[in-house]
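Chemist: What follows is the residue order along each chain.
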Amino acid sequence: MDRTASQIALDTISSIPRECGEAVFAEPWEARALAMAVHLNEQGLFTWPQWADRFGAALEVNTNAGEPLTYYQVWMATLEDMMEAKGIADADTRKKRDDEWLAAAARTPHGKAIEL
Amino acid sequence: MAHDHSQDEHHDHSHLDEMDLKVRTLESLLVEKGYVKSEALDEIVETYEFRVGPRNGAQVVAKAWTDSAYLDRLRKDATAAISELGFSGRQGEHMRVVENTDETHNMVVCTLCSCYPWSVLGLPPVWYKSVPYRSRAVIEPEAVLAEFGLKLRKGKTIKVWDSTAEMRYLVIPERPAGTEGWSEEDLAKLVTRDSMIGTGLALNLDTLS
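Chain order of the listed sequences is A and B. The first sequence begins at 332 in this note's numbering and counts up one residue at a time. The second sequence begins at 14 in this note's numbering and counts up one residue at a time.
Keep in mind that the hints were calculated from the coordinates and are not lab data. No experiment lies behind these values; they were computed from the predicted model shown. The reader is advised that the hints may include incorrect statements.
[Stated by the list, open to error] With a Cα cut of at most 30 Å, we get these calculated BS3-like pairs of lysine-lysine:
(1) B:Lys-50 / A:Lys-427
(2) B:Lys-50 / A:Lys-417
(3) B:Lys-89 / B:Lys-50
[Unchecked claim] Facing chain B, according to a computed beta carbon distance under 7 Å, are these residues of chain A, among others:
(4) Ser-337
(5) Ala-362
(6) Ala-364
(7) Ala-366
(8) Phe-377
(9) Ala-389
(10) Leu-390
(11) Lys-427
(12) Asp-430
(13) Trp-432
(14) Ala-436
[Said to hold, decoys possible] Computed far set for chain B versus chain A, every beta-carbon distance over 10 Å:
(15) Tyr-48
(16) Lys-50
(17) Ile-57
(18) Ser-81
(19) Leu-84
(20) Asp-85
(21) Glu-160
(22) Leu-163
(23) Pro-189
(24) Ser-196
(25) Ala-201
(26) Thr-220
No residue lacks a Cβ here, since even glycine has one placed at the ideal position from N, Cα and C.
Go ahead and model the full structure; you've got the sequences and the hints to work with.
Modeler: Quick look at the structure:
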């Protein structure tokens with residue numbers, strides 16, 4: 332099921348970096364960011380054409396930026412914007428949660444899973 | 014530079030970098046609101062798990078099999094020898110190779126996901142971070158390997174290496190029989206991610222065909 336959902340994303344979003352037809356990532360969080368979009372699409376939060384519109388526009392802005400972000404940094408920013416636009420998680424909520432995670436990391440001894 | 018980084022990681026608490034943090038924050042908010050299930054994300058990621066630099070480590074192993082001078086450099090300073098091939102990255106630093114032999118089988122466990130040298134090994138398998146794998150691998154490595162379908166010759170010593178922020182391991186599996194004269198490129202195809210963690214062996218001619 333997930334392979335198919337991922338495949339639909341790959342087929343629709345032609346800019347996704349890939350090698351031999353499969354998505355490639357520079358760092359593990361990038362795979363999670365892609366997976367999050369695949370899953371949210373499956374849940375019906377957005378269609379791939381809707382994603383392509385927003386993400387494409389963000390990529391274009393980024394290309395002209397002084398210090399361009401990486402592909403998946405733009406991807407993540409687009410996810411955040413979309414969730415904010417839907418009233419699911421705004422910037423303040425995210426900031427608060429960032430702080431909670433950082434506090435959790437600070438109290439987690441090395442070697443233990445970081446949990447809120 | 015690498016030195017500064019290791020200093021940084023000597024802190025006894027955990028560390029989240031900027032993008033890890035963003036991903037965790039959004040995921041946890043979406044989970045709370047019922048839009049996302051972490052298990053579902055795990056499953057999707059699993060379908061990509063071989064796609065972060067998996068060939069990097071395989072090339073290192075294939076070269077070690079064919080080039081004894083390279084193997085010597087790997088033994089002396091794996092970090093430098095691996096970066097010779099152009100592979101490095103924050104998580105690939107401070108590497109040490111451990112070699113499987115007739116007598117010894119090596120397997121690696123890791124207690125923290127950031128200790129996984131993904132720039133060399135690719136994405137970690139989902140089970141790798143599970144508490145049962147981590148604790149049982151130390152207590153009963155043979156049973157854990159058997160669950161991966163790996164049955165070692167009786168009497169073989171199993172060494173379990175615990176990856177830390179300071180030191181990460183790459184297992185050099187035994188070179189399969191019957192591959193004399195193979196090119197590095199062909200040999201690299203025999204080296205699986207699991208064989209470089211020690212939960213598998215390199216593919217042999219039977220498993221390949």
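Chemist: Once the closest CB in chain A is found, is it more than 10 Å from Ile-57 (chain B)?
Modeler: violated, 4 Å
Chemist: So Thr-220 (chain B) supposedly isn't at the interface. Is its beta-carbon more than 10 Å from every beta-carbon in chain A?
Modeler: holds, 21 Å
Chemist: Against chain B, is Asp-430 (chain A) within 7 Å by beta-carbon distance?
Modeler: violated, 9 Å
Chemist: Are all C-beta atoms of chain A more than 10 Å from that of Leu-163 (chain B)?
Modeler: holds, 25 Å
Chemist: Are the Cα atoms of Lys-50 (chain B) and Lys-417 (chain A) separated by 30 Å or less?
Modeler: holds, 19 Å
Chemist: So is Leu-84 (chain B) really clear of chain A, every C-beta pair being over 10 Å apart?
Modeler: holds, 28 Å
Chemist: Taking 7 Å as the limit, does the beta-carbon of Ala-366 (chain A) come near enough to a beta-carbon in chain B?
Modeler: holds, 4 Å
Chemist: For Lys-50 (chain B), is the shortest CB-to-CB distance to chain A above 10 Å, so the non-interface label stands?
Modeler: At roughly 8 Å from the nearest Cβ of chain A, Lys-50 (chain B) sits no farther out than 10 Å, so the non-interface label is violated.
Chemist: Grab the minimum C-beta distance from Ala-362 (chain A) to chain B and call the hint holds if it beats 7 Å, violated otherwise.
Modeler: Holds - the Cβ of Ala-362 (chain A) comes within 7 Å of chain B, reaching about 5 Å at its closest.
Chemist: With the threshold set at 30 Å, check whether the alpha-carbon distance from Lys-89 (chain B) to Lys-50 (chain B) stays at or below it.
Modeler: violated, 45 Å
Chemist: Return the status of the interface hint for Ser-337 (chain A): holds when the least beta-carbon distance to chain B is below 7 Å, violated otherwise.
Modeler: holds, 6 Å
Chemist: So, as I understand it, the hint says Ala-436 (chain A) touches chain B; can you test that by seeing if any CB pair is closer than 7 Å?
Modeler: holds, 5 Å
Taken one by one, the earlier hints fail for this structure at numbers 3, 8, 9, 10, 11, 12, 15, 16, 17, listed in ascending order.
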